[in-house]
Amino acid sequence: MNAVAFVPLTLAGFEAIPVVTAGALELSLNGNADMTVSAGLKGYLKDFDNEAQRSGVRVVHVRLGELYFLSSSCLQALAGWLLLVASRSADTRYQVSFRTHAARDWQRRSLEAIRRVAPKIVEVL
Amino acid sequence: MVEVLSEAAQRPGDGPLDDGPVMSVSFRPHAGLLTQTREFVSSFCGTFVRDPDMVFRIAMAVHELLENAIKYSLDDASQVRIEIRAGKRRISIRTDNRASGASIGAVRDMIRRIHEADDPFEFYCNLVRASAERDEQSGLGLARICAEAGLELDSDVTGDHVSITADAPIERVSAL
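Note that the protein sequences, when read in sequence, are chains V and E. If you read the first sequence in the numbering used here, its first letter stands for residue 1, the second for the next number, and so on. If you read the second sequence in the numbering used here, its first letter stands for residue 126, the second for the next number, and so on.
Read the hints as simulated data drawn from the structure, not as lab findings. One should not assume that every hint holds.
[As the list claims (entries may be wrong)] Ranges between beta-carbon positions, derived for each pair: (1) V:Ala-22 <-> E:Gln-161: 35 to 41 Å; (2) E:Arg-215 <-> V:Val-20: 35 to 41 Å; (3) E:Asp-176 <-> V:Glu-123: 24 to 30 Å; (4) E:Thr-172 <-> V:Thr-92: 27 to 33 Å; (5) E:Arg-238 <-> V:Thr-92: 17 to 23 Å; (6) V:Pro-119 <-> E:Thr-172: 36 to 42 Å; (7) E:Asp-176 <-> V:Glu-66: 28 to 34 Å.
[Unchecked claim] Some chain V residues close to chain E (C-beta under 8 Å, calculated; not the full set): (8) Thr-36; (9) Gly-40; (10) Leu-75.
[Stated by the list, open to error] Pairs of lysine-lysine residues, derived as DSS-like cross-links and limited to a Cα-Cα distance of at most 30 Å, are as follows: (11) V:Lys-42 <-> E:Lys-196; (12) V:Lys-42 <-> V:Lys-120; (13) V:Lys-46 <-> V:Lys-120; (14) V:Lys-120 <-> E:Lys-196.
From a predicted model like this one, the values you see are computed outputs, not experimental measurements. Note that CB positions come from ideal geometry on N, CA and C, so glycine has one too.
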């Protein structure tokens, strides 16, 4: 896996940072994801998915420890990404594991609706 | 324009307020101020509501209503009013703005569908899935307020002005 191929996304008040470590791929979503972020996030996830597919990634760990808010427009961006990945055959798609913040109950609540979009590939921890 | 009225601050030590708002904020919504507004509401509500998750639910509802007001307003004359009535153990959030007939119809239709749903969360999950298959506006905000925040929604239309109210009882309110 080529770490250089995965680039970060930096917007006002929000960033997505991919990290490649020992064959695993992590994506940290940090800050406030509101309507000013949604278009950029949607485009970024398409590029991220293309690179993950090209690299043969099997699991993406999405870290939400520093994510303070996720608006419905950004929920839609995440749901679109997951539906795209889940639409592929089992041997060409990857799993997505969300690591939530223990003290932020809303993350598990919000992610449950997203998990149901693609239950075969998504887990929420 | 931002206007803040805090009766709690004006009448310290008077005890629980039974009439009138504890806080009323009105302003013109702006996309660049969404996060600051949500954080302000969250900070203020945190002084009245003990449950941090309830504070988040209130702030989330405010955020989603603001996004709707910004997206669908016909002009820059939108006004968002947030009102807290802690004396009655309720919170009420209201947005007012001008909108097209199509937008107003869509809002009323969505609220009707939410009211008719047997399970608001299941209804919301179905909307999330449908939104994942398209590129246009998510259309999730109102259903999310009901499903995730547990607030009740209502709308009022006069001409091309639409008001949306999100309202809920607050279980745990600290003494004022």
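Checking against the hints above, which ones are violated?
-> Checked against the structure, the hints that fail are numbers 2, 4, 5, 7, 9, 14, while the rest are satisfied.
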